[in-house]
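These protein sequences, in sequence, are chains A, B, C and D.
Here the working numbering is used: the first residue of the first sequence is 267, the next is one more, and so on.
Here the working numbering is used: the first residue of the second sequence is 267, the next is one more, and so on.
Here the working numbering is used: the first residue of the third sequence is 267, the next is one more, and so on.
Here the working numbering is used: the first residue of the fourth sequence is 267, the next is one more, and so on.
A few of these clues could be false.
If several chains are the same, the list does not tell them apart, and a pair holds so long as it fits within one copy or across any two.
Unchecked claim - Computed cross-link-like contacts, DSBU-like style, restricted to lysine-lysine with a CA-CA straight-line distance of at most 30 Å:
# : residue 1 : residue 2
1 : K499      : K399
2 : K446      : K326
3 : K326      : K277
4 : K465      : K399
5 : K446      : K371
6 : K399      : K490
7 : K326      : K418
8 : K271      : K413
Just so you know, the hints here were simulated from the structure itself, not pulled from any lab data.
Protein chains: 4
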Amino acid sequence: MTVIKVFSKPKLKNAIMIEGLPGVGNIGRVAAGYLVEEMKAKKFADLYSKWFFPFVMLHKNYRIHLLKNEFYYVKAKKKGQRDLVLLVGDCQSLSPQGHYEVAEKILDFVEKIGVKEIITIGGLATGEMESKKKVIGAVTDDNILKKYKKYKIDFEAGEKVGYIVGAVGLLLGLWKQRDKDGICLLGQTTGFPIVTDPKAAENVLDILTKILSIKIDMKKLDKKVKEMEYFIKKVETLQKRALMEITKGTEEKGEKGEEQTRYIG
Amino acid sequence: MTVIKVFSKPKLKNAIMIEGLPGVGNIGRVAAGYLVEEMKAKKFADLYSKWFFPFVMLHKNYRIHLLKNEFYYVKAKKKGQRDLVLLVGDCQSLSPQGHYEVAEKILDFVEKIGVKEIITIGGLATGEMESKKKVIGAVTDDNILKKYKKYKIDFEAGEKVGYIVGAVGLLLGLWKQRDKDGICLLGQTTGFPIVTDPKAAENVLDILTKILSIKIDMKKLDKKVKEMEYFIKKVETLQKRALMEITKGTEEKGEKGEEQTRYIG
Amino acid sequence: MTVIKVFSKPKLKNAIMIEGLPGVGNIGRVAAGYLVEEMKAKKFADLYSKWFFPFVMLHKNYRIHLLKNEFYYVKAKKKGQRDLVLLVGDCQSLSPQGHYEVAEKILDFVEKIGVKEIITIGGLATGEMESKKKVIGAVTDDNILKKYKKYKIDFEAGEKVGYIVGAVGLLLGLWKQRDKDGICLLGQTTGFPIVTDPKAAENVLDILTKILSIKIDMKKLDKKVKEMEYFIKKVETLQKRALMEITKGTEEKGEKGEEQTRYIG
Amino acid sequence: MTVIKVFSKPKLKNAIMIEGLPGVGNIGRVAAGYLVEEMKAKKFADLYSKWFFPFVMLHKNYRIHLLKNEFYYVKAKKKGQRDLVLLVGDCQSLSPQGHYEVAEKILDFVEKIGVKEIITIGGLATGEMESKKKVIGAVTDDNILKKYKKYKIDFEAGEKVGYIVGAVGLLLGLWKQRDKDGICLLGQTTGFPIVTDPKAAENVLDILTKILSIKIDMKKLDKKVKEMEYFIKKVETLQKRALMEITKGTEEKGEKGEEQTRYIG
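Using the sequences plus the hints, can you model the full thing?
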């Protein structure tokens, strides 16, 4: 029960997918979401999954929608550009095996519609107030490293990073299993407190736009981030509350007063 | 292993399903349950699921039954009325993915037997002693909003509500995925302490009966609520106890004395 | 991956299954296990499941075996007796959905080999030092109540009992779904501290032997209980330890010293 | 979604599989890993599973790979030797049912390619500073005991051991279900603090090389252990951190400051 509802089938050639789901500093979500808006990308599919939270969001005060991941596309317009698929969404999977199942579903789908390479975007929370925030890279294989060496990506930070959790890492890992290429771009962020970090997202976008040979007006980023952040924080808060409610039965051991939070069902 | 046992197949035309499973303030359970009794609805199917608690209830002191959700129906009797399916039950799913699976099973079933629209009923715990308790609405789409605008439903509270957890929200969200219409009615309730709120259920019933063009004698509601509440509270208490027992193994870390609660197995 | 390994297919006629898996006071385990020994029942099948703990037990110091449930049978020898299937074992399922899946597997199997009725045995922990310990009964339907009314079974305790968790309840509940008959016998036990209660098991055996028209020498019960208890307690302790280890990763948050328990892997 | 990616199909005759996945004292991982290196075993397959942690590791600072288990082989070179399959890897399953599913997948695979017997290697954490560290054995059946009696394996420790958790035990238990033979070798280790214990691994290797009629230069063990340990500890630390992040949503209840650890996503 992970379902992709397809609205239209874009004809893509040698496409590249940019993934930006919610995560550390929401850097991927912001960067990919900004691309969607600035490039006027067209939505062509929604993904729903039993591995997401069992709740619906309210949109425009009265309209409900299931939690979902969304697929957008933009066709190449100039030489040097490539057809793009953009993957954004409300949330990632709740459980470890759900992460694998949703990631496989996504890859099955985009492989079929012509995606040849993927770029996943995430954040690296350093916990430190570093003055210079780098963009750290990790790749599926040595040959792809060569291709991306010319950009200002730090490929020496692996030791410091160690591992990459969730969709950002798993999509790339499972994509590699299919003998496909990909790169992950991690924007360094303080990560404390956990808030959306537009600066780190901009750092990633700077490199990403060069890779994609596109030009994006960065001026609206701050404004858009504020709009997005409002929604993202809402989802986060709601997920935490919802999770508390779902697990309440198991956690609750007679303590009173905990249940005074506002909730619905 | 979510199974629907069908006793009889009612012939329904353009039917509307009213969902009222246990939840906040048990508003859905009370409202739908009262409709079942007052309209002398006929039971035609039971749903069992491995996603429910692994225990049986005792009925009449000596007869056991599995936890279940029940389907009732009432045929339209007058012009302006519609055939009704009423969904009530002992419990909702234990786990997030179970919520999705049970909801899909329910929708598959009712879609086949002629249900065209659904109304889910829940509660909105405000945590405040509001004097006026409204009924808040959320819909699958704009066209259904128009249809329900004439009733005293607050469609402006989305911001405050944010999300709807469990069957109330998920049935509607997954129904929308099938390009079907539906509405959710949330009765405002203090939600503290968590008890059945017959007044909030009555507020929902006031609107619901108008929507359905039916007349229901509300006088017996208080009495019926007391009867239902006894059973509902029992299930709640039992679920909590049972959950503690099930998770005991994982939680228990040498603390003694915790195990003195009455239990069976 | 719940598998029943069948060694031999007994020809059974109108058989009755007695279930006695570990549980409250280990009353079912002791009662059914004693029947297996005293009646020299023959083992004909083993059930293994991914829903059990992922570990093996050591038998005779050096031989390993997977956790399992075991099926034994005894053919009727005299008029008034019935062919018996006895279900005993090391453990029950770890998770709620596992409980449902294992129970369904068991019922599929025994229904095929000729079981017509089941008797599940469990304990009712009262938490009180009652002087008189009753045997409490719960049935699938009114017609089976009539049949068992003549035995000294308390069918009035439902209110007090409320619900029956795990295999004892679920086997009966799912059996009822197949329109089959069954009864559950719960031996009252103090339940504190949780130890094997041979007296409660004897109380159940007194009634059970009458139901089955068999005679069992009760003299060896105490001795056998001591032998069984040693093994049962070992499994319990091991399961708790193992569970702690399995969940250690999630629970562990920097506390040191907790890991000093003896363990293997 | 437990997948074995096969690079080449070795022709094996009457092969024996040595399992050494991470576990207590990492004794199996070290012993089997050292055999892989010293015997210049060839890798022929990788196993990936949704039951592993949903993250990727970074290799050489910039190359990602999914968590995996790896299959190597060495052909017999002299009389008295047997074809070997060596199973090593990054991790074991996260969940109980995952343990069963991954183990079954492994056994299905190795049975098909000619493995007739398995030796699993683990550690027994005694919690005591024993001066003499034994190697404890457990077998699938009496006939295999006879075969291994001549080696310095303690087959009398079952009582003390009780049970064997995870792949070490489960592979053997499920293998026995297939009417196949196998033995488990547990190196005694203090187990506190939990670190890689090269001495215990050497004790197991001493016996294992005799069983396999091979000669291994033990001099490089300490050096290799240091290399391996660095990686193993990293994975352990990462898994714990990752697990905390994954479960953070459920655990987190308003405590601040906990989230200051360095993480990515």
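Now for the hints, and whether the structure bears them out:
| no. | hint | verdict |
| --- | --- | --- |
| 1 | K499 <-> K399 | both (23 Å within a copy, 28 Å between copies) |
| 2 | K446 <-> K326 | between (40 Å within a copy, 19 Å between copies) |
| 3 | K326 <-> K277 | neither (33 Å within a copy, 37 Å between copies) |
| 4 | K465 <-> K399 | within (9 Å within a copy, 44 Å between copies) |
| 5 | K446 <-> K371 | both (16 Å within a copy, 25 Å between copies) |
| 6 | K399 <-> K490 | within (21 Å within a copy, 36 Å between copies) |
| 7 | K326 <-> K418 | between (41 Å within a copy, 19 Å between copies) |
| 8 | K271 <-> K413 | between (34 Å within a copy, 27 Å between copies) |
Against the hints set out earlier in the document, a violation occurs for number 3 only.
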